[in-house]
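Residue numbers (the working numbering), protein chains in the order written: chain A, 119 to 454; chain B, 1011 to 1315; chain C, -5 to 300.
Fair warning: there could be bad hints in the mix.
Claimed, not checked - Within a straight-line C-alpha distance of at most 25 Å, the following computed BS3-like cross-link-like pairs (lysine-lysine) qualify:
1. B:K1230 / A:K209
2. A:K256 / A:K320
3. A:K320 / A:K209
4. C:K74 / C:K259
5. A:K209 / A:K256
6. C:K74 / B:K1180
It should be emphasised that the hints constitute simulated quantities derived from the structure, not laboratory data.
In this text the structure is predicted, and so the values were computed from the model without any measurement.
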Amino acid sequence: MSAVLEVEELSVDIPVSAGLLHPVQGVSFTVNRGETVCIVGESGCGKSLTALAIMDLLPSSARRLAMRLLLDGEDMLNASERRMSDIRGSKMAMIFQEPMTSLNPAYTIGNQLAEALTRHRRVSREQARERAVFLLEKVGITAAASRLRQYPHQLSGGLRQRVMIAMALMCGPDLIIADEPTTALDVTIQAQILLLLASLQKEFQMGMILITHDLGVVARVADRVAVMYAGQVIEAGDARQIFQQPMHPYTQGLLDCIPVPGKTQRGAHLGAIPGIVPTLIGDFIGCRFRERCNYAMVDCVSEEVSSRDAVQSGHTYRCLLGAQQCADNAKRKASA
Amino acid sequence: MFVYALKRLGVAVLVAITVSMVTFSLLYLSGDPAMALAGESATQQDIENIRRVYGFDRPIILQYLSWAWGALHGHLGYSNYLRTDVAAVVFERLPTTMTLGAAAISFALILSIPLGVLAAMRPNTVVDRFALTLAVVGQALPSFWFALILIFWLGIEWRLLPITGTESWKNFIMPAIALGYYVTPGVMRLTRAGMLEVLSSDYIRTARAKGLRSGTVLFKHALRNAIIPVVALTAVQFGFMLGGSIVIETIFAINGLGYLAWESIQRADMPVMQAIVLVLACIYIVLTFLADMLNAFLDPRIRVA
Amino acid sequence: MAARPESFSAATLPTAGQILEPSAGVLLRRRVFGHAGVTIGGAVLILIIAVALLAPILAPDDPYTQDLARREIPPIWHVKGTWEHPLGTDQFGRDYLSRLIYGARISLLIGFAAMLISGVIGTSLGVAAGYFGGRVDMVVNFIITTRLSMPVVLVALAVVSIVGNSLVIVIWVLGLLIWDRFAVVMRSTTQQVRNLDYVAAAQAVGCSTARIVLTEIMPNIVNHLIVVATLEMAHAILLEAALSFLGLGVQPPAPSWGLMVSEGKNLMFFEPWLIGIPGAALFALVLSINLLGDGIRDVTAPENRS
Ligand SMILES: Nc1ncnc2c1ncn2[C@@H]1O[C@H](COP(=O)(O)OP(=O)(O)OP(=O)(O)O)[C@@H](O)[C@H]1O
Ligand SMILES: [Mg+2]
Chain A
119 MSAVLEVEEL SVDIPVSAGL LHPVQGVSFT VNRGETVCIV GESGCGKSLT
169 ALAIMDLLPS SARRLAMRLL LDGEDMLNAS ERRMSDIRGS KMAMIFQEPM
219 TSLNPAYTIG NQLAEALTRH RRVSREQARE RAVFLLEKVG ITAAASRLRQ
269 YPHQLSGGLR QRVMIAMALM CGPDLIIADE PTTALDVTIQ AQILLLLASL
319 QKEFQMGMIL ITHDLGVVAR VADRVAVMYA GQVIEAGDAR QIFQQPMHPY
369 TQGLLDCIPV PGKTQRGAHL GAIPGIVPTL IGDFIGCRFR ERCNYAMVDC
419 VSEEVSSRDA VQSGHTYRCL LGAQQCADNA KRKASA
Chain B
1011 MFVYALKRLG VAVLVAITVS MVTFSLLYLS GDPAMALAGE SATQQDIENI
1061 RRVYGFDRPI ILQYLSWAWG ALHGHLGYSN YLRTDVAAVV FERLPTTMTL
1111 GAAAISFALI LSIPLGVLAA MRPNTVVDRF ALTLAVVGQA LPSFWFALIL
1161 IFWLGIEWRL LPITGTESWK NFIMPAIALG YYVTPGVMRL TRAGMLEVLS
1211 SDYIRTARAK GLRSGTVLFK HALRNAIIPV VALTAVQFGF MLGGSIVIET
1261 IFAINGLGYL AWESIQRADM PVMQAIVLVL ACIYIVLTFL ADMLNAFLDP
1311 RIRVA
Chain C
-5 MAARPESFSA ATLPTAGQIL EPSAGVLLRR RVFGHAGVTI GGAVLILIIA
45 VALLAPILAP DDPYTQDLAR REIPPIWHVK GTWEHPLGTD QFGRDYLSRL
95 IYGARISLLI GFAAMLISGV IGTSLGVAAG YFGGRVDMVV NFIITTRLSM
145 PVVLVALAVV SIVGNSLVIV IWVLGLLIWD RFAVVMRSTT QQVRNLDYVA
195 AAQAVGCSTA RIVLTEIMPN IVNHLIVVAT LEMAHAILLE AALSFLGLGV
245 QPPAPSWGLM VSEGKNLMFF EPWLIGIPGA ALFALVLSIN LLGDGIRDVT
295 APENRS
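Here chain A stands alone, though its shape is the one from the complex (with noise of 0.2 Å):
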């Protein structure tokens, strides 16, 4: 298996009114080819910035920093602006959160798709359209030659996002990034468009990044899964693993916010996690659980916590605690 997306140590920073935010801090992870990459994460802990970061298309004020970030094998850390728009689009596509505002509302569909294909390729306007009209109905749109006329608000939520990921496709890109595809979806067609994505994904064996709440969805589409708490990814592995064994504190805690049928009592709280996630501002040392964390010791406080391996390979995880400890209270968990 070829590695399509490489990233290493990647950070972001921005600076604000009142310091310097690292909302993405030493990201590492892999995609290979016709892989599916979960992160899961709460809201605001860095998903959304890091895969902008991998498409160089963070905010103005933001700055990327990183080891490595290779595409196909090219280094796109030191690539232009001019070779990157090159890549965008064409190499790598993403899909976006807000369908609703993810068009152009002065441009029909069709220009909007087929420009996507003749920037990055020499085809004449009419094989742009066959090619949108075929993406078009392999997205599940129906009288699709005629969408092409429609402008975006004359469609519903559910179209508009099916539109964004045929855009995407149009250059059969080897990596697709969906940045939370569905959350402003009605909850019907949310599954529906995941299901989508990832039979696309494997149709056109690409890597995919699929940035998700859902974790529903991530045991049902995931190869490999990274969970990302305050900027940091705080474990990585196959979302075998993840499922049957979460070492860290906070991944078990995630995991149990789920309701499991026949085994969740009614009325039963849901393991909602207490407590606030600290700020990302400034320097900050130590464990950023450590403050909703059952197990924090003094340690968490004053020790930089770097990533280590688990039990099995390929998985690792942030915490002090050993490997054997942690396994202990995943089970102390589930048999609670």
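Since the structure of chain A is already known, use the hints to place chains B and C with the ligands on it.
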């Protein structure tokens, strides 16, 4: 779109009627029109005669209706002072004012739109500060004073441009700057604000995620949307400018409507004054109507309802 | 390295946020005084108001006393200037500094009074339209559109030329003409506030309309009201100056700055300071009011600068 246009047209006509009533009442505020028409030396009998001949003894509603009927047919009354048809004088002067207005608005747009775009692209930089300063200064500069300053430096000290008259296009440069500068702050601020909003919008991010060139992103995707409110503002400002050109025209002795208005006030020539107000108001109404139509055309959310 | 949750409670540690974040009051003060526009604009405006109030004390001379023997003396920075008349004298030999100082009174008075009149008219119309919506809104919109289509300067000139010109008339004419921005802004802000939950709650509880407008709506739109008020005051001052410049505003020998520019106009090639000084004063006054208004808007809504 058609229904929208029709509705908008209805409002425009209603506004025009209301404005005509207000301007008509101006004449009545100014005192007895028969007396004014008869002149100083007229006897009571003369005044009575005039009153009957001109119909000033009829109920005011009827007078308004007949006046409005005339106005619809291009009869705007009779000037007491010039002893001619008002419409002829007004329409003779109108092209000069329109020329001045067009030159001024062109100057304003050429200055303010690129500046607004640049300021929005580089917020809080030197360009932005410069644009903001220009806007703040422009809003506070009294137009007549600015015109005199232009005359002093460009006309007298450096002898670059003619000071008064309308002989050549050069005569219009200074007045156009003095008049147009007043419009720049509003247009520039709106362009900047619109661009800032659009540039941070999700669909611009989408456009960039497609890898489009920055020029395409800026002109095709951003400016196209940011310019929509500017169109409406420009129409409004153009209307205001025609109304405000009286100051500039008197300073530069430009023989347009504004100058005519000023002369008419000196001569207490109310029918001319009234006609000018009416004509300018109608131009404004037509302009804003056209701007709304253009807006609808530019914005598919209105056009394709 | 064993877990000792009982010996250490992370919850008692203050977060970095609690240490770094200043209180809301401190933030507001910092924003107000850190804002160059508010500071400079406010300072200049206060200075001009003080000068206007203290005019009898500050003015070296009577602004109306003519002295034809001492005409057109240049200001002090000129080689022929004298300290007797720091800003020189005009073509009638009146002390220019004294006229300038008394002129501030006219500008401020007209600007403030016209702003009050237009503020009352525009705010009533705008709040009514925004609060009641429907028919009322339609009618008010129509009135605003009609008003906007009338050229202000021309109508003002026409009316003044009919009714006669005095300070009071100029104030009323301007006040009755420039309420449009008040109405437009108040209408849209009232619409926004009306849809907020607590207004709906007050309506549900059965509070009277007057009570809701005064206690729930007004406090929420007062920021915008202040901003528009400053802009309209500046607008009125500029309009008065323009009318006076055209000879149809404040009448001679009153030391209106617009009139002073007009009187100095014919001599501007020989004595440019005659138009430079009152024009600059006008510019400074309007600029300071605008800076203050823009600043208030920034400070109350820092996310949308200018
Ligand atoms: N332009 C910006 N300026 C300042 N701070 C920002 C900016 N963009 C994001 N942030 C901050 O960075 C942090 C991470 O934001 P991000 O959008 O990546 O979160 P997220 O994990 O995607 O959350 P969500 O699930 O709500 O989308 C947040 O605390 C946010 O407030
Ligand atoms: Mg996000």
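Q: Just pull the numbers of the violated hints for me, sorted ascending.
A: 6
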